[in-house]
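Novice: Order-wise, the sequence lines are chains X and Y.
With the first letter of the first sequence counted as 1, position 222 gets the number 222 in the working numbering; the numbers rise by one all the way through.
With the first letter of the second sequence counted as 1, position 384 gets the number 384 in the working numbering; the numbers rise by one all the way through.
Calculated directly from the structure, the hints in this document are not laboratory data.
Cβ atoms here follow ideal geometry from the backbone N, Cα and C, with glycine treated the same way.
Each hint should be verified, as a subset may be incorrect.
[Stated by the list, open to error] Here are some chain Y residues the structure puts well away from chain X; computed CB gaps all over 12 Å:
1. Phe51
2. Leu138
3. Ser229
4. Gly230
[To be verified] Have a look at the derived ranges for each label pair, beta carbon to beta carbon:
5. Phe30/X to Thr69/Y: 50 to 58 Å
6. Ala249/Y to Glu239/X: 33 to 41 Å
7. Ala182/X to Ala249/Y: 32 to 40 Å
8. Thr69/Y to Glu239/X: 18 to 26 Å
9. Gly346/X to Ala256/Y: 41 to 49 Å
10. Ala65/Y to Ser45/X: 22 to 30 Å
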Amino acid sequence: MTSDRSRHRLGLLAITALSLFGALFARLWFLQIVEGSTLDEQVTSNSQQVVITPGPRGRILDRNGIVLVENRETIVVAVDLRAYNDLDRTEQKAVLARLASALSRGRPPEDKVTARFLDARLGDERFSRFRPIPVAEDITVEQEIYFREQAARFPSVVVERQMVRSYPYGQLAAHVLGYVGALSEDEYAARKDLAGPKPYEKTDEIGKSGVERQYEEYLRGTPGRQVFEVDRLGRVVRELTSQRREPQQGDDLYLAIDARVQYKAEQALQGRLAAAQGRRTPAAAGALVVLDPTNGQVRAMASYPTYDPADLVGGISQELWADLQGQTLDEDGKPVTDEDGKVVEGPSKLLNRATAGGYPPASTFKLASGYAALKLGLIDPAQYVQDPGYWRLCEGDGPGCLKRNAGSQAHGSVDLQTALTVSSDVYFYRIGDMSWTQAKNGALPEDGMQQHIEELGYGAKTGIDLPAESPGQVPTPKSEAAIAAKLFEQDPGYYDNDPEVAKDAGRWRTGYSADLAIGQKVTATPLQTANAYAALANGGTLYRPRVVDRITKANSPTLIKSFAPEVIRQIDWGPARSSFLAGFAGAVGTPGGTAFRTFQGFPLDTWPVAGKTGTAQTGKDKLGNQRPENSLFVGFSLGDGGTWLASAMLEGAGAGANAAAPAVRLTLEPIATGEIDAFKVPKGASIDAEAVAEQSSAISTEGSD
Amino acid sequence: MATSYGTRTRPVGATRHPVRRPMANFGRNPASPFRHIDVVLVACVGVAVLFGALMVYSTTRGPTAPYDTSYLKRVIMFAVIGGVVMGGVALFDYRKLRDYWPFIYGGSVLLLLLVLIPGIGSRSKGTQGWFQLGPFQLQPSEMAKLGMIIGFAGLASQFRGDLDNTRVAMLLGICGAPMFLVLLQPDLGTTLVSVAVAFALLLVAGVPSRILGVLALAAVLLTTLVLTSGVLKEYQVARLTTYTRQDQAITTEEEARVRYNLDQSKLTIGSGGTFGKGLFNGPQTRNGYVPEQRTDFIFTAVGEQLGLVGAGALLGLLAVIVWRVWRTAQLARDDFGMLLCTGIMVMLVVQIFENVGMTMGIMPITGIPLPFLSYGGSALLTTLISMGLVLSVHMRRFS
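Construct all of the structure, not just a fragment, from the sequences and the given hints.
Specialist: This is the structure:
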């Protein structure tokens, strides 16, 4: 037996043992070297739990440091899911039932919290499993004390204090400020891979509109981070303190807006809208912008109807959302509809009409058409034109052949300056007629007028630092043809299936040019109008308007970013500038000027003002009645460094001098008299529009467009 | 025997058992056992046991101070007792076992019988396999492996290589009885180790290849039969077969449990990378992600904390120990010593391969401890006794 065979077989065993050890080492190599990093990442994600604490958002202040948006503490009831899951099923049910009844106490019946709602909330996947899930916000201190005292009856329920947005001045500048809301699915999807120090969680809030949205990256606080090591049952073992990061408040945003002027502007807008309300006027809506023409900074931006951003804190109910859209809900929670089944919609409260509302600029547009005519060489400012009250575009009695002044008033012999002062439409019909006639001859390009009009910023976004700006619309022969072609493509039946009919419908007509020249057929936002006039007031610089002046570190004067005035382009007014200025000054300051009576009593001698009225036709309603006209006015200071300009548009409020001009006067007057310097915006900034209408009733609303 | 030392002359007049009192002529006699202690083996075993103690401590100290040292103390106690016993066994002349083997073998089989009786043996984790002795537990199946090796070696050495079918059957019987009893507990892992050991012993004992082939075939058939017949409980089948389906969907709850264990085990080892997370610094180990980590899954602690370098070094250390045992089998001056060492070597290799292999997902999960390292008194004691036997064989290769 101690034979060779045994020794051979021992050798066999040695080889086997060696290969087994080799196999182990190979496997070890594979796991630790080949797959090592992958497995290590898995281990890290398994054994570490990161808890994110949102950083408070930065404040928003006006240019003088008045705080418009800050943060306040709210008491939140939340359920700690890990503790909750340790309860058995019946206990869980009991806790939810008790919680529901405790939270419902003192609430109206339709606002009661149900156990089902709570259960659904706990299953909502947007909330981190590792942070208590909020189920009720803004509970009272009494309730907080109750929950703390009765903690034994509410296992797994925690009461926390959290920071939410607060608005010391209520609705003031709501459209500029915007609001903050929970991140939507889409918003989260777009940001979940975002690098940088401010990553987003599903439960985070984000600026939804206004500067809250535009300057999100600055306002957003830097989230704090705590990394915990957890064992396999998810229990926290310890905190990895080296990886801890405290949350930091976001940057402070100083607006270019002056809260006092903003308040006066909102008062003026709402007061004059209230004063204009009559039997036939639609729901009150309008906008008023105050600019500093020397740098493009927005001093005030009012839009009506407005909303209270505080209502939007902590989620928006269906009713509130419908109300913000201008809808009302019936008992079933469905929007109210008219006989035709169409949803009845009033003016949307969220829309910022100053930047997103496209309205016909009417006679205020004569600045642009006059400028274009000068550039095209169609007029000489000093040349007189006969204004018999109408302008004939074509022979015959066809509709549109005869274009009339407002009220068919004859202004006699007018040059550019007078035409602006008295707002002669005929002078500008002539410009439109001439431009198209020459374009047809080939002497001018087809869109010669439009090209120069667009130099003043019409038809394009001004680039203001606010989201959702409208570019307005300046139609050209090309755009008209394109619209008809598109319509034909979508529904050939609309043009009797005949491409020739469609082509004819898309043909530019002389009447279009005439209408364009007096600001009908074209749309512009009140901000665009303000900006174009600012380029005249400041001598020829078209600035990019701004609502934000500077950004600083939270609660500190340390500057992070400031914004120098940004020039879009230079406008060469040439010698005609004096004609424009004199014309606009005349509209306000000379008898016969369209807004002369409105500005009676205004200290024009110490604080001269120029301005232009506008009265926009808005078409006919379903019954064929002419709808009330939109009232427009732009006014700007000639003295005082020329640093003030206001542009107003009041829907359905009548002629320019009826509503918009008084609103602008009400806005500028406290500045002109210096009253504004001592003025303090009342906390809450509530406005009694009726009272303002009453107080300002002495202002004449007479005058034409 | 000892042909590799063929040039060395044996002292004149050396008898078969010249030294009954080993210390008596240590200084003078070149064949004295104390001149032939396997220092390498002793050193490697010492390092392995201390290393094991450190690893057990790392898995049981808890994540935060104050650290739990109770397990460390017990391991050290086991190690000290085991060391003393190993020394005692080494001093003991293994050849005496040739006379006593029936008692040792019979004793171990008797213990296996006793442990099956409810009330005497105790049950834990579905296995009727422990004697509760005060605070300690004795696992007779551990001892029985050694008992079987001694019994086989004793009987086979009496046959002196002359193996007819009857004698092969007797040897099979020697192996079969303890295996059957262990299977009744049921302790599948130990049974599997025993099968491998028995096969290796038969091989080295000189059983003809033809019979070995038949036996291997029978073993395969029997295994298939056992796995499919439903004799085994569901959890046992799941443990045995889960590792073959690591990338497939989990079908049963038991499989999910086993798979969790396996996944955590692989994650823990893999996350160690080249150099590991550092001693006491592995999150998986520190926070108890791996079930049974201080016993059967101790290797994961090595993998995570010390990485490829540490775990590779450990495998190397164990390989050196195996090599020393194998070398002793080669050098043994008689068949008994050779078979003893062969059995012990195969026992070590199979346990190491099965244990380390299961933590890395290349072997089924069975409750087999890692020799020298896993926490457990019986296992450590058995391993150290067997090392003592190997030392004894090595020391006495010239005497």
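Novice: Determine for every hint whether it applies to the structure shown.
Specialist: Now for the hints, and whether the structure bears them out:
Distance check for phenylalanine 51/Y against chain X: the nearest CB is about 16 Å away, which clears 12 Å, and the non-interface claim stands. Look at leucine 138/Y: its CB is around 29 Å from the nearest CB on chain X, clear of 12 Å, so calling it non-interface holds up. Once the 12 Å rule is applied to beta carbons, serine 229/Y is consistent with being away from chain X; the minimum gap is 29 Å. Its beta-carbon lying about 31 Å from the closest one in chain X, glycine 230/Y satisfies the requirement of being farther than 12 Å from that chain.
About 35 Å separates the C-beta atoms of phenylalanine 30/X and threonine 69/Y, a value inconsistent with the hinted range of 50 to 58 Å. Range check, alanine 249/Y to glutamate 239/X: Cβ separation about 37 Å, and the 33 to 41 Å hint holds. Checked against the given bound of 32 to 40 Å, the beta carbons of alanine 182/X and alanine 249/Y, roughly 37 Å apart, stay inside it. Distance hint check: the CB atoms of threonine 69/Y and glutamate 239/X are about 25 Å apart, consistent with the given range 18 to 26 Å.
Range check, glycine 346/X to alanine 256/Y: Cβ separation about 59 Å, and the 41 to 49 Å hint is violated. For the pair alanine 65/Y and serine 45/X, the supplied restraint of 22 to 30 Å holds, since their beta-carbon distance comes to about 26 Å.
The earlier numbered hints that this structure contradicts are 5 and 9.
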